[in-house]
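Following the hints, put chains B and C in place on chain A, whose structure we already have.
Going down the list, the protein sequences come from chains A, B and C.
Using this note's numbering, the first residue of the first sequence is number 1, and each one after it goes up by one.
Using this note's numbering, the first residue of the second sequence is number 1, and each one after it goes up by one.
Using this note's numbering, the first residue of the third sequence is number 1, and each one after it goes up by one.
Some hints could be false.
Think about it this way: if two alpha-carbon atoms lie no more than 30 Å apart in a straight line, the pair counts; the simulated BS3-like pairs of lysine-lysine are [unchecked claim]: (1) A/K156 to A/K204; (2) B/K274 to C/K40; (3) A/K113 to B/K158; (4) C/K169 to B/K274; (5) B/K261 to C/K183; (6) C/K169 to B/K257; (7) C/K68 to B/K248; (8) A/K192 to B/K164; (9) C/K230 to A/K105.
Coverage of chain B stretches by chain A, computed from C-beta distances (three or more under 8 Å per stretch; other residues unrestricted) [said to hold, decoys possible]: (10) 199-207; (11) 228-235.
Just so you know, these hints were derived from the structure itself, not from any lab.
Don't be surprised by glycine CBs; every beta carbon is placed ideally from N, CA and C.
The primary structure of each chain is shown beneath.
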Amino acid sequence: MGNRKIMPMDERFQEYLSDESKLTGWADAIAFPENEEELIAVLKENAGKPVTIQGAKTGLAGGAVPEGGLVLNLSRMNHVLGVSKDPENPEITVEPGINLEELDKIIAREFPKKAYFWPPSPTETTASVGGVAATRAKGINACYYGGTENYISSAKLTLLDGTSRILPKEEILGSEGILGVISWLTLKLAEKPACVWGVSFFFKDEKEAFAYAEELPRYQKTEEGAALYAMEYMDRATIDLIGHYKSGMTRISMIPDPPEDASALIYLEIGGTEDAVEELAGTLMELADARGSDADEAWAVTDDAGITAARSYRHASAESANLFVEEARRTEPAITKLGTDISFPGRSFGEIVGIYENGLKENGLKGCIFGHISEPCPHVNILAKDIAEYEKGTALLREWSKKFWETDRAAAPEHGIGKLKRRFLCEESLSGIRKKYRDAKTELDPDNCCNRGDVFPEGERFR
Amino acid sequence: MRIAVCMKQVPALSDGGMDEKTGTLIRSGQKAVPNIYDLSALEAALRSRESAEDENFAIDVYTMGPKSAEALIREAYAYGADHGYLICDSKFAGADVLATSYTLARAIRENGPYDLVFCGKQTTDGDTSQVSAALAKWLELPSFSGVTDVRIIQENGKDRIYLKQRLDDRVLTLKAGLPSLIAVEKETFPARMPSLKLRLRAGKKEITRIEAGSFRPESGGIKEKEYFGQKGSATRVIRIFPPERAEKHPVAELDGKEAGKQILDIWEGLGLRKERNHDFEERARDSGLS
Amino acid sequence: MISKNGRGILVFLETDIYGIKEVSLEMIGKAMELAGETGKIYGAAVGDDVQALESALSERLSGYPLEKLFLYEKRGCFEAAAWESAFTDCVTRTNPDILLIGGTRKGRYFAGRVAVRFRTGVTADCTGLRIGQDELIQTRPAFGGNIMADIVTDHSLPRIATVREGIFKAPEAGKPRKIPVFKGEVAGSEGVELISETPIPRERGIVGQQVLVACGRGVRKKEDIAMMRKLAEEVGGELASSRALVEKGWMPQSRQIGLSGNVVSPKLLITCGISGTIQFQTGMRTAKNIIAVNTDAEAPIFNIAHHPIRADLYDVVPGLLSIINREIRNT
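Same shape as in the complex, but just chain A (with noise of 0.2 Å):
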């Protein structure tokens, strides 16, 4: 009979088999366990055969994809398992389904009088945290706070055979679920600042936003205690593809269009008290103003519906490249989301995005490119209408991978590889990402069940 809980795939379950990568795959069946539990009996009747783990299935990179095996859904181990009020060290021990949402409501119940929040917080605020874990993912804030590593202290995996390991985070972060189950996660909260200060700049020629976007990195922190949270870019392509669908999308349709001659937004938070956060935004204000940004066109929010509403507009620059991809499966069921997103430590913000904008324009395609200043890490997604486009477009990816593993090692992908992002890094760069967690595999995943598909080919075997 088996346990319970394992049901067998069948067709209302379908929506199972695919997350924001719009890959699809295959399953022979689900299992929903609600505790920790519930988890362990469900491995340890599952043992020996495929497992593919799922938060919230917002990944795009098909990690949660399955590709048969059992489907273990964790949305609903969505429970606070511990809190420490510590102010020195606020931590919550949570469960790995929660999604952001969830856990910045359940923060502000726990901890009434301060204002905390978890740092690493992408976007993406219907994301499990366990997933974020998972991928690493930052949020827009990275550029102040680090690392996902410094706001997770500890986590605990639960291996298929049922058994647990509490294992350096620096070995479960980012190992994309191809190692275990994270049964829980104690997370490290931050305060957030006093005063925060959300502020776009339109730029009318896109050189200059570069120019400007150099500049940014010498006011991260000033003296008199204010600094940069957040520094986002976003193209003309970008700007227009969320316009278009922007009426749908109940969260930001109120926002108004940038202003029409805009090549190039660049959105800034500034935090700190709020003399310092004036004065700050008033210097960049000016900096921006001589790099041709008219200091009337700007537009600051304060308030921390205006800072979500403008989040949300960021985010919406993901969130309308996979309205694209989805409108262009409809014809063309084989096109995926084509993109990329690694980081350049060092390198020259203009100078990446001028090779991607380069790149396309010589493939003749279309894409837009938005991402994150500091590192830098400009996104770019190419849209490709059809087949040959998609095609052309794999083959750039490919291209653009090689040439930054040549000159920068870079290689880590921010939202992780899973089962997409094989297809768009060249070998050398995926061996580089490989070879870091091979070891642990070997040891913890011989069979290679957990996770099969992710990083690594279906194939690879570990004994």
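Just chains B and C, lined up with the frame of chain A:
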């Protein structure tokens, strides 16, 4: 041309609910923000100014609230308001619709005259959209609520307004004289983004504080009673209690026929009807009503 | 304090081109409950043509215990100040304890003016009205709906309450009798000129609808959407969709409910074959009455549905369509 805009702060999101044991509210700790409906009222005023050719077009914001409501006025400055009045005094607290509208009216009359008064439709924290109509009556102004379009026009050398007003089944296109009170719909006046430049200037601008003692005694006739605060309110809350909690309802296992019947029962029980598909004119002819 | 044995209650009777509005009947029903043994109920209506008002209302309301009908003619269109004048006149004549106004747009636009005229309280959007402790207790949600409040109007008369449609029930009609009619006239504000009136066609989008039928992955073929559309029509609503069918290209994105789609808050939402992901729930969780039909007992939508039904939509919908048609033909 002078326009007064009435605005209010509301809690960002009242997720708190109630602590049944102590009977007090649980606030979620988020800051107060400008009521989004009032931002549309301000937007309507700003657009009127942009399309007018008047050099001396002033937009003043009035808000009733605690001292922290200054933040609302600074926010209004970032959108483009010229001057702000913070109506703040412990005597004004606990005001219902009658007292709130009375207090606003006194403040506006004191600093008027205004050609137009703009209000938002309602607030997000559950108020009832009655203040604007009540305010109009205190000020003895015609009131137009549900306004989706408003423009200042010239007719025979006088300023008038051209406006569109939404009723449940029709839209009225009207012209009216000044002064009048306008309550706008949110959808047609989506607020612009606040300007960084104006926001930086807002910090240094003055805000006028209006307290209970600020008012000049109303002149003329019998001294009217004052309707400030809780003492001036006509209504009073006698009890607060939590709403029915949303419990998970047990899943009904029904066959197709039973399920269909249950759905039909629920639909009928809600008093819903399939709308009669009659032609507008035909119906009007039938009823003789318009 | 309100009269112990009987209350005088004045009800705003609103008409549209179809006749008296449902909410006005509901106010009459509530007035009948509140009036008490010796109470008197009055109705007042305002319109462009007082003869037409009389024709529309006298007979229609003859079965309700109304003491008198006050009909005011105001030439031209609605204006809040004019409706206020009418009710000022009527309140002065009838001196009621309570004034009940349906929470329609017109009602909301003039109620506050009448309250100030009489220096009295107005409690809008009441979800409950009852006599208690010698007072009219007006219940409504406060602070964003997380709290309910009981409110009284202490000294002034009339106590004014507005109530939205569907909160109370329309009364059963009794034996018809002739209700005395008073006719009067009111004028609008000076300088107000009507340029035109444009009827609003029934909204075709899904936002702002009272009734929605939403379909999801449970719909197996594109052709089957036709029956879902028919169901939406029969229940007087519009058809919406979860993301699944939009992705398949079977439904337009404009009809999608969810985080990357529309947020809706209908009075009644019937979901068929929708599992109810968080992204979907975000778009509809404030719907007042949710009926969810799904074959999966563990579907997340069942956590928030008021009426979760485990069944196959293919078993439910065709049958429902046939009985709904029968019901309508019988009325």
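Hint check against the structure, violated hint numbers in rising order: 1, 2, 3, 5, 7, 8, 9 and 11
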